[in-house]
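If you want the building blocks of each chain, they are given just below.
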Amino acid sequence: MPLYLNEDQQMLHDSAAEFMKGEAPVSHLREFRDKQCKDGFSHALWKQFAEMGFTGILIGEDEGGLGLGHVEAGTVLEEIGRNLTPSPFLTTAVAGVEALNAGGKALRDQYFPGILAGETVLGLAIDEGAKHRPDQIGMAATREGNGFKLDGKKQFVVQGGSADMLIVAARTSGKAGDDKGLTLFAVDANAAGVSRDSARLVDSAMAAHVQFDGVTVDADAVIGEVDDGDTVLRRLLNAGRAGAAAETLGVGAGSMDITVDYIKGRKQFGELIGSFQALQHRMAHLYSEMEIARAAVLKAQQMLDEGSSRAELMVSVAKAKAGRATALSVKEGVQMHGGVGMTDEYDIGLYMKRDRALQEFMGDANYHTNLVAEMHGY
Amino acid sequence: MSDLEKFRAETAAWLEANCPPEMREPMTGEDDAVWGGRNATFKPGQKEWLDVMAAKGWTVPDWPKEYGGGGLSRAETKILGQEMARLKCRSPLSSFGIWMLGPALLHFGTEAQKKHFLPPIARGEIRWCQGYSEPGSGSDLASLQTSAVDKGDHFLINGQKIWTSYADKADWIFCLTRTDKNEKHKGISFMLFDMASEGVTTKPIVLISGQSAFCETFFDDVKVPKEYGEGVSSVVYEVNKGWDVAKYLLGHERSMISGGGSEGATSLGAKFADQVGRDEMGRLDDPMLRAQMAEMDIEVLAFRAMAERFGDTFKAGLCHPAQPNMMKYAGTEINKRRHELIMAAGGSEVLEWESDASNGGMTARSWLRTKANSIEGGTSEVMLNVISKQILRLPGA
Numbered sequence: 001m002p003l004y005l006n007e008d009q010q011m012l013h014d015s016a017a018e019f020m021k022g023e024a025p026v027s028h029l030r031e032f033r034d035k036q037c038k039d040g041f042s043h044a045l046w047k048q049f050a051e052m053g054f055t056g057i058l059i060g061e062d063e064g065g066l067g068l069g070h071v072e073a074g075t076v077l078e079e080i081g082r083n084l085t086p087s088p089f090l091t092t093a094v095a096g097v098e099a100l101n102a103g104g105k106a107l108r109d110q111y112f113p114g115i116l117a118g119e120t121v122l123g124l125a126i127d128e129g130a131k132h133r134p135d136q137i138g139m140a141a142t143r144e145g146n147g148f149k150l151d152g153k154k155q156f157v158v159q160g161g162s163a164d165m166l167i168v169a170a171r172t173s174g175k176a177g178d179d180k181g182l183t184l185f186a187v188d189a190n191a192a193g194v195s196r197d198s199a200r201l202v203d204s205a206m207a208a209h210v211q212f213d214g215v216t217v218d219a220d221a222v223i224g225e226v227d228d229g230d231t232v233l234r235r236l237l238n239a240g241r242a243g244a245a246a247e248t249l250g251v252g253a254g255s256m257d258i259t260v261d262y263i264k265g266r267k268q269f270g271e272l273i274g275s276f277q278a279l280q281h282r283m284a285h286l287y288s289e290m291e292i293a294r295a296a297v298l299k300a301q302q303m304l305d306e307g308s309s310r311a312e313l314m315v316s317v318a319k320a321k322a323g324r325a326t327a328l329s330v331k332e333g334v335q336m337h338g339g340v341g342m343t344d345e346y347d348i349g350l351y352m353k354r355d356r357a358l359q360e361f362m363g364d365a366n367y368h369t370n371l372v373a374e375m376h377g378y
Numbered sequence: 001m002s003d004l005e006k007f008r009a010e011t012a013a014w015l016e017a018n019c020p021p022e023m024r025e026p027m028t029g030e031d032d033a034v035w036g037g038r039n040a041t042f043k044p045g046q047k048e049w050l051d052v053m054a055a056k057g058w059t060v061p062d063w064p065k066e067y068g069g070g071g072l073s074r075a076e077t078k079i080l081g082q083e084m085a086r087l088k089c090r091s092p093l094s095s096f097g098i099w100m101l102g103p104a105l106l107h108f109g110t111e112a113q114k115k116h117f118l119p120p121i122a123r124g125e126i127r128w129c130q131g132y133s134e135p136g137s138g139s140d141l142a143s144l145q146t147s148a149v150d151k152g153d154h155f156l157i158n159g160q161k162i163w164t165s166y167a168d169k170a171d172w173i174f175c176l177t178r179t180d181k182n183e184k185h186k187g188i189s190f191m192l193f194d195m196a197s198e199g200v201t202t203k204p205i206v207l208i209s210g211q212s213a214f215c216e217t218f219f220d221d222v223k224v225p226k227e228y229g230e231g232v233s234s235v236v237y238e239v240n241k242g243w244d245v246a247k248y249l250l251g252h253e254r255s256m257i258s259g260g261g262s263e264g265a266t267s268l269g270a271k272f273a274d275q276v277g278r279d280e281m282g283r284l285d286d287p288m289l290r291a292q293m294a295e296m297d298i299e300v301l302a303f304r305a306m307a308e309r310f311g312d313t314f315k316a317g318l319c320h321p322a323q324p325n326m327m328k329y330a331g332t333e334i335n336k337r338r339h340e341l342i343m344a345a346g347g348s349e350v351l352e353w354e355s356d357a358s359n360g361g362m363t364a365r366s367w368l369r370t371k372a373n374s375i376e377g378g379t380s381e382v383m384l385n386v387i388s389k390q391i392l393r394l395p396g397a
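Chains as they are written, first to last, in the working numbering: chain A, 1 to 378; chain W, 1 to 397.
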């Protein structure tokens with residue numbers, strides 16, 4: 001498979017680009033931020049996502065979806081990133097759907113129709129500390145009757161406050177740090193014993209701290225196999241990380257574009273500042289980094305779609321490389337904008353804030369760099 | 001079996017039968033490469049391997065058969081490369097004639113020039129060098145001053161070239177000369193002549209690596225005939241249009257040098273962890289070096305994806321014409337950083353410059369050699385200028 005979008009993928013990309021730019025450009029993010037919306041995204045827009053078919057990209061055709069792959073999901077995510085569009089797409093339609101794809105038919109029948117209709121939102125209850133450490137999950141799920149009782153705390157559950165269902169990773173055996181013993185559960189977000197405390201993040205998205213106090217679920221809530229949740233979790237994480245890398249790439253590309261435009265129009269000392277070699281070389285270096293990141297992200301998505309045994313390695317490469325390139329893009333963006341880059345009026349700062357949040361989502365560049373060393377055995 | 005599968009099977013069998021065992025051992029030094037030429041010397045197996053490959057046209061598998069090539073399609077050429085790699089067959093011939101002059105002649109040469117010059121290149125009979133840079137004309141190559149004056153049946157050449165790789169060992173030179181002093185880019189010609197001509201002298205330049213392929217080359221009233229037989233002009237393309245040829249060739253050269261970034265796909269950490277040492281967790285026990293090596297793994301794997309994407313988009317006509325400049329920039333910068341880490345991993349042992357254990361200081365000499373990557377074939381700064389102007393369209397072109 002050549003490493004560029006085929007005709008169908010390009011068409012999907014073009015329609016996603018037109019849609020985000022038309023329906024949810026940066027001004028849309030500002031509007032939802034300024035009215036202090038408690039969800040941090042528009043439910044009407046989420047329904048429009050569904051009408052465009054986006055929410056069904058990773059859902060099989062026999063279940064009403066489009067039956068497409070991670071490359072296609074990535075083309076939508078890149079445009080979400082470029083326009084800073086707030087939506088539950090990454091957590092629900094990408095990572096959440098991918099976890100449910102690994103589960104039983106009953107769960108899919110329960111949740112896919114709502115996702116396809118743009119009515120259901122999923123939250124991912126994975127992290128327990130400030131840094132992403134899925135191998136250190138300690139939250140307990142103890143057997144009780146026909147099901148399980150959940151006790152513990154999760155944080156950084158993006159859009160967790162407005163979620164209908166939470167995918168919860170908990171321990172059914174062993175202790176934090178063990179390879180086995182995890183189980184994933186689909187938990188009704190309004191179940192007795194679930195309390196959610198949402199906070200607005202730096203990028204104006206909402207994320208919840210979630211407390212589970214003796215929350216009982218029956219055996220049907222298990223996604224995949226008991227004690228073998230690692231299999232489902234990996235699938236969820238791979239999809240989420242590749243998706244986050246694609247969205248990050250869009251943030252970096254959007255930030256670079258507005259900065260190039262800015263330095264082409266801003267004059268100092270009687271010259272356009274874009275004609276200064278000091279800025280030209282830094283911008284050309286950034287271009288090079290973004291191109292390499294783009295290739296890495298597409299390669300990771302293709303490998304996931306092919307089921308390659310090296311996909312996980314490339315996903316970490318993509319998350320780290322896209323993270324570093326985009327961090328450079330937003331930092332250079334603010335600096336090259338000068339004083340106005342520090343004002344709320346200009347968009348460049350919004351790109352910087354979104355990048356920071358995406359860096360932490362499912363592992364930052366350092367986390368994935370360490371994983372790459374481990375996968376290489378050193 | 002498809003035609004390509006059949007071709008693969010036949011190629012593998014032929015290579016197995018014809019590649020001498022010595023040519024399937026890894027190279028241990030630079031003198032294991034075969035450069036051919038009038039004064040070539042050969043180690044065991046080298047000449048046989050060159051001759052059988054040249055007879056099949058497989059020193060230049062994708063050139064047309066009438067010019068000494070193999071006439072293979074792109075897919076067949078790729079299969080040949082894969083099968084040679086699988087059986088560990090060495091390249092039969094290293095040659096600037098193949099890498100650089102050949103593509104330029106195939107693109108710009110007349111039929112008579114192609115017939116005259118290409119087959120000896122394919123057979124490794126003539127060793128070529130490239131006369132581009134001059135002491136005052138590095139990055140600003142088009143400011144070159146070596147003059148070629150029209151004297152009726154010949155040109156008279158005077159001037160000096162520098163960084164002429166292997167000029168002291170080359171038989172012929174492809175050389176940029178100034179044929180019009182009043183024009184900068186439109187006064188340059190691309191000429192071919194014999195290094196044995198009267199008035200040509202060369203002097204090797206010793207580099208910081210203690211070795212060098214580079215020379216200074218002097219031309220003192222060198223007479224270059226206008227023709228080497230009917231229709232075989234010594235000037236490629238047209239007089240005063242040599243800059244077009246040079247630009248085309250530089251594109252080739254830059255793509256070639258950029259390959260350094262994807263070289264050594266093996267993880268440095270995996271390669272050196274045991275040598276450096278491991279902690280009780282099995283991790284490389286210098287945490288900062290481990291982190292830097294893991295970052296390098298990411299750079300290399302990401303750049304390999306970039307190289308694959310560049311190749312795919314290039315073939316499909318989808319990439320920007322200035323994209324080779326970005327590949328050259330990124331590839332050479334990564335390669336330099338990689339060699340810094342290799343030196344750090346080796347510690348004091350790779351500081352040895354002349355010992356047998358260090359294979360004559362090979363690691364250190366290679367490290368120093370890579371510093372030229374971001375200078376030769378256009379500096380990183382020139383690449384960044386091209387990206388700024390031609391891709392990002394920043395002002396002040």
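Everything labelled a hint here was simulated from the structure, so no lab data went into it. Certain hints may be false.
Below, simulated EDC-like cross-link-like pairs (lysine to aspartate or glutamate); rule was C-alpha separation at most 20 Å, straight line [said to hold, decoys possible]:
| id | chain 1 | residue 1 | chain 2 | residue 2 |
| --- | --- | --- | --- | --- |
| 1 | W | 389 | A | 332 |
| 2 | W | 65 | W | 16 |
| 3 | W | 315 | A | 7 |
| 4 | W | 151 | W | 198 |
| 5 | W | 389 | A | 261 |
| 6 | A | 264 | A | 347 |
| 7 | W | 56 | W | 153 |
| 8 | A | 175 | A | 197 |
| 9 | W | 389 | A | 347 |
| 10 | W | 389 | A | 227 |
| 11 | W | 47 | W | 5 |
| 12 | W | 151 | W | 194 |
| 13 | W | 371 | W | 356 |
| 14 | W | 271 | A | 344 |
| 15 | A | 353 | A | 306 |
| 16 | W | 186 | W | 125 |
| 17 | W | 114 | W | 198 |
| 18 | A | 175 | A | 257 |
Computed from a predicted model, the values in this text were never measured in an experiment.
Exercise for review: Of all the hints given earlier, name the ones this structure violates by number, lowest first.
Suggested key: The structure breaks hints 2, 7, 8, 9, 10, 11, 13, 14, 15, 16, 17, 18; every other hint is satisfied.
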